[in-house]
Amino acid sequence: NAGVTQTPKFQVLKTGQSMTLQCAQDMNHEYMSWYRQDPGMGLRLIHYSVGAGITDQGEVPNGYNVSRSTTEDFPLRLLSAAPSQTSVYFCAIRPGGTDTQYFGPGTRLTVL
Amino acid sequence: GENVEQHPSTLSVQEGDSAVIKCTYSDSASNYFPWYKQELGKRPQLIIDIRSNVGEKKDQRIAVTLNKTAKHFSLHITETQPEDSAVYFCAAGESGGSYIPTFGRGTSLIVHP
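Top to bottom, those sequences are chains D and W.
Taking the numbering used here, I'd label the letters of the first sequence as residues -10 to 101.
Taking the numbering used here, I'd label the letters of the second sequence as residues 14 to 126.
No lab work stands behind these hints: they were computed from the structure.
One or more hints might be untrue.
[Unchecked claim] Listing some non-contacts, in silico: residues in chain W with all C-beta distances to chain D over 12 Å:
1. 30
2. 39
3. 69
4. 82
5. 118
6. 126
[Unchecked claim] Simulated crosslink set (DSS-like; lysine-lysine; CA at most 27 Å straight-line):
7. W:55 - D:-2
8. W:84 - D:-2
9. W:55 - D:3
10. W:84 - W:50
Predicted, not measured: the structure shown is a model, and the values here were computed from it.
All C-beta atoms, glycine included, are put in the ideal place defined by N, C-alpha and C.
Modelling step: build the complete structure from the supplied sequences, incorporating the hints.
This is the structure in structure tokens:
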């Protein structure tokens, strides 16, 4: 699993609440990213980071914020949750010098 | 940007049959094409990949073929087994430091015993 952890595993929010999904890795990988997975939609990139202090938007960034203050952590923040953000969220890392991505175990988020 | 189309969305086969999943891509700069398998409730995991300088790659019962001219690549699973039942995703992108893959929408493969 390339040492990628995600917390929590499950979360239920009410519309308008905020929360942070955590992603951590212990192998000093520079590249980290966040995806959301919805039925029939595949994996869509939300935000990614190529190193500490550097982040960029992916395909579906609206409603999400990220920061990368350390190499180890890449949290995803929902400032005001909406039902449309109900999804399974995967964090991924990519070891330097490779193109292979390794996914974390995922967080299943439900927004009521 | 890259656009990846994946077909079929659902594939049902009998145990022992072969299964083929096809993907097309739009960006001619894409040169790295991985395939992921996702079992129910689990994370996607890489099962095989191919680069544009290779036309075919095999690993036991799975193989991937690539047609750069037509911009399509396919996953072939022979002698399917019930444990092959999963969702399979293809992806495409340009290899390198800024590699950002675009994923297909997935194929749900069901292998009936």
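A quick look at each hint next to the structure:
At roughly 24 Å from the closest C-beta of chain D, the C-beta of residue 30 of chain W stays outside 12 Å, upholding its exclusion from the interface. Even its closest Cβ contact with chain D, about 14 Å, leaves residue 39 of chain W beyond 12 Å, as expected for a residue assigned away from the interface. With a closest Cβ-Cβ approach of about 19 Å to chain D, residue 69 of chain W is found to remain outside the 12 Å limit, as its non-interface label requires. With a least beta-carbon separation of about 22 Å from chain D, residue 82 of chain W lies farther than 12 Å from that chain, consistent with its non-interface assignment.
Non-interface status of residue 118 of chain W relative to chain D is broken: a Cβ of that chain comes within 12 Å, the nearest being about 4 Å off. At roughly 25 Å, the least C-beta separation between residue 126 of chain W and chain D is larger than 12 Å, which holds for a residue marked as non-interface. Between the alpha carbons of residue 55 of chain W and residue -2 of chain D the distance comes to roughly 11 Å, so the proposed pair stays at or under 27 Å and holds. Among the hinted pairs, residue 84 of chain W with residue -2 of chain D is inconsistent with the structure: their alpha-carbon atoms are about 38 Å apart, more than 27 Å.
With a CA separation close to 25 Å, the supplied pair residue 55 of chain W and residue 3 of chain D stays within the 27 Å bound. With a C-alpha separation of about 22 Å, the suggested pair residue 84 of chain W and residue 50 of chain W falls inside the 27 Å cut-off, and the hint holds.
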